[in-house]
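Asker: Place chain H on chain R using the hints.
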Amino acid sequence: MRDSKISTKFNAKVVQFAILLTVFFALYFFVEPSENNLLWRLPPLIAGLPFLINDFVSYLMYDFMPVEIYDADIDDYEKSPLIKEITRSISSAVLFCIQFVREILVGGVKTIVSFTSWDFVSENKWAYWPGLPWTFVCSATMLLGYSLQGVRLACLSGLATLYIAIFGQWEPAMQTVSLVLIAAPVSFLIGLSFGVLAYKSSTAEGVLAPLLNVAQTMPQFSYLVPAMVFFGVGDHAGAIATIIFATPPMIRLTLLGLKKVPPEVIESGLMSGCSDLQLMFRVLIPTARRDILIGVNQVIMQCLAMAVIASFIGAKGLGFNLLLALNSLKVGKALELGICIVLIAVVLDKLSLAWANKQVDYFSKMDFVSRHSYKLILIGLLLIWSIIAYLGSFFAQDGFNYLYMIPHNKGITTEHFWQAGVDWILDTFFFGLKAFSDFLIINVLVPMKTAYLGMPVVATFVLVMGVGYLIGGFKSAIIVGGFLAFIALTEWWDRALITAYMTTFGVMISAIIGITVGSLCAQSQFASKSILLVCDTFQTFPSFIYLIPVIMLFGVTDTSVLTAVIVYATIPATRYTVEGLRSVPESLHDAASMSGVTKLQRWMKIELPLAFPHIMLGVNQTIVFALFMVIIGALIGTDDLGQYILKALSDKNGIGNGLSLGLCVAFIGLAADHLIRTWAEKKKRELRL
Amino acid sequence: MVSVTQMESKTSPVIKCESVYKIFGLNAKKMLQTANGKVDAEVFQKAGCVVGVNNASFELFEGEMLVIMGLSGSGKSTLLRCISRLTNATSGKISINGNDLLSMGNKELIELRRNKMGMVFQSFALLPHKTVLENIAFPLQIKGSSTKESVARAMEMVSLVGLSGRENYFPRELSGGQQQRVGIARSLAVKPDIWFLDEPFSALDPLIRKEMQDEFLRLQGVLNKTILFVTHDFDEALRLADRIAIMKDGIIEQLDTPANIVLKPATEYVRKFTQDVPREKVLKIESIMDPIKDNQKLGDLRVSKESLIEEVAESVLSQAATIGVVDASGKIVGCLDHLKVIKVLFGDKNLKI
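As given, the protein sequences belong to chains R and H, one line each in that order. Under our numbering, the first residue of the first sequence carries the number 52, and numbering increases by one thereafter. Under our numbering, the first residue of the second sequence carries the number 13, and numbering increases by one thereafter.
List time: in silico DSBU-like cross-link candidates among lysine-lysine, alpha-carbon distance up to 30 Å:
#, chain 1, residue 1, chain 2, residue 2
1, H, LYS41, R, LYS310
2, R, LYS311, H, LYS155
3, H, LYS343, H, LYS309
4, H, LYS42, R, LYS251
5, H, LYS222, H, LYS203
Hints listed in this document are in silico derivations from the structure and should not be mistaken for laboratory results.
With the rest of the complex left out, here is chain R:
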């Protein structure tokens, strides 16, 4: 009887969905496409929103609360708006920090200038910090790796720095590193503080939750315009955009980790006589360390992912060069730069992880030399390499002292090799690739795009809100309807449809590949571990890195963007599938085997239904990943929302457009996120997971 109840319930859902689809298609075919038909397209009622934002921001920046500020140049007080002064001081503080780190690494005078003056520097030739020789930085990272973990980390960090140096990317790499070394710790601290705040106060959590949702689904580009408007153009603006972008996952993971601390551990801390601060810093945060460290890893990844994108608003470094290389289609060069960024990401990640896991030895001999051995070696290395670099300057021909720094066009380069490879691939497979790409575009992509653009707005609403109602009831329908309404009322509905079409295509293929590969790999322990490692590795690559090889293969087309989307978005689908399937309890496997099922039956009847909610969360991630990649795809030319955000960057009044477009993208992501999450949570409750 229970069975029949469940099956009627199931059938009822199927019937409901069938009715929904029928209504959708009826509307699709019978609503007349005309500009004046409200069922076809809604009027852009909130097209004025960007202007409002622009006006508000310019009011903030130029008119709001003028305060008296002393100006040293004219030796007098003048009126200046408060916000402008605040952002200005933040800018100069951030810029000073970046320059300070940067000049330690590659030399310069700006730090000295900020303590004295340009006149002082030009009068005194000695007032110049020469920067550390690359040989020293290389051996110092090695030493750091060794002292934190051991030989393996030493080799990894040593080889990575060596690669960067001898491939002639030293200066841009150190520029990027200096930006990351400022942005990452700041992000970490802000994220940690807000995470702690949200843990302590449920009001703060309630306020932060929706902000985090939006922030984590806003595409990276959208952060650039506000950063530019408030902080100007340059490294500091890049760093600030990076910090804002990298902080939300840190907040979320800190909160998650803190909430998972078992109550008895907290009680044990209290019974040890911890004060509030001691409890937070010596019990809660260390116990939540696993999640917080994932947060740190995320911060570093996001910082490096942002490093390229921040070059749009004047951040120097590898990202800028990579952008130039991509724009001029120098794939070989882009590849080399991409490897440098990945290496920096990996080394920073591993070093921070090792640092957090470092153990203290309480029983070693504590005499001066052994306690400070690493510091002493470091000083020794500095002396030796400086002397060698100095001596090298006598032998340096053409003014290039390779023992001090390898200039960017004098290093080894494999550019020609890669370029030749690309040429070869293009020569050999040109027709094959071209034919594939053309076929895809003509027979799949263009029809799909037309189909999406031919969708009346009312049909879209019925479909999305209907699905929302069937999954989560009236409340869900209203929530997703609200997200959709915002987009429909802007003037970018058609652009949003194009973004949606590309994302849908990417997500479908990614999910199919990811779930298949994941299911196959989950059958054996070894394969599971291997594929998770592969996922980890691929996730370390900043997103735009994926654009390099696809341009190589398909040139500047939609196929390229979609290929990148698929590769990038397959990672979470695969990972969640493997994790979901592997977490099906062993006892159920045994029970199934004893009922005499085949492997395929077991997968179909036992594993998949139980793991499906988790897999759907993976699909959810896939959607966010795909959406981000589609937007970044604007770099190689698309005509969706991303392209308009990119345009907003070069617009004087771009902030309104940039933010509104960013919200459109975020709302697409959030609508999908809401539907899937609601469904998965409901399903998990039903399965008692």
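Answerer: Just chain H now, with coordinates in the frame of chain R:
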């Protein structure tokens, strides 16, 4: 362990609870005021409140071990947490060494916990990122002891609980029993006067549990702390306790020595626990001895009035003559009739002796 008579001579209790209530829920305080001390769990439940502890009063003296026994949901852990002030009691009075616990400020409370209290948890509650040594030294470092001092003290504790050689292990590398040894060592590191143990052995396998109980008795023999021990295991309570408090639905059903609980269960609920307990394992000779009659002849064997019947039954029964019972100083205080021992061993469980 200190006997009951000795404790009675001490006047001021270490822990004193007077009608302690703990009620969870939004309007708990108001409801309690209107109820005027007569708390009916069902009435409260309807109003959305859960009664944790219902009118608990008792005194605990220095060196005494009180075991709070109850099934899950009986409020035993809640009572313990009220006394350690991990939760605030809704009403009532708790004093520690004569000081009012509930009116203490945060600073005083921290000071009290740093110096006077130690607690062991059911799930061990070790800090996962710290080694055995660091975990044990943790309360000392929180107090502000120097690294050297706290490491030295922690090493002492490591060897006290028999974990020497494992001080650099992480909790995840230890078995459950070993982890709880670390928990015990940590709770004792600051030399507390009062020792709270919240189901410390419940998460362990039966054999390990027995071993840890022995270890615990050995430690208590050396340290002689004032102990509040929570368990759901009646046998464990009988084995360890000076006195047992049996709780049900937040109410202390009976609070007495193990022997009295077995012999004179106060309520039907308590009887359910005691009916299957072999009495020879709980009863002391004292409780079945007769006063000495004039010119009574005694055999050569002397047994202490403190020993359990189980321990001496065999030698008593193998003697023909009446046996003399002596106190700690060796003075004869009574005599033991064979028949009584046989009655305890084989007679009707519910028969009054």
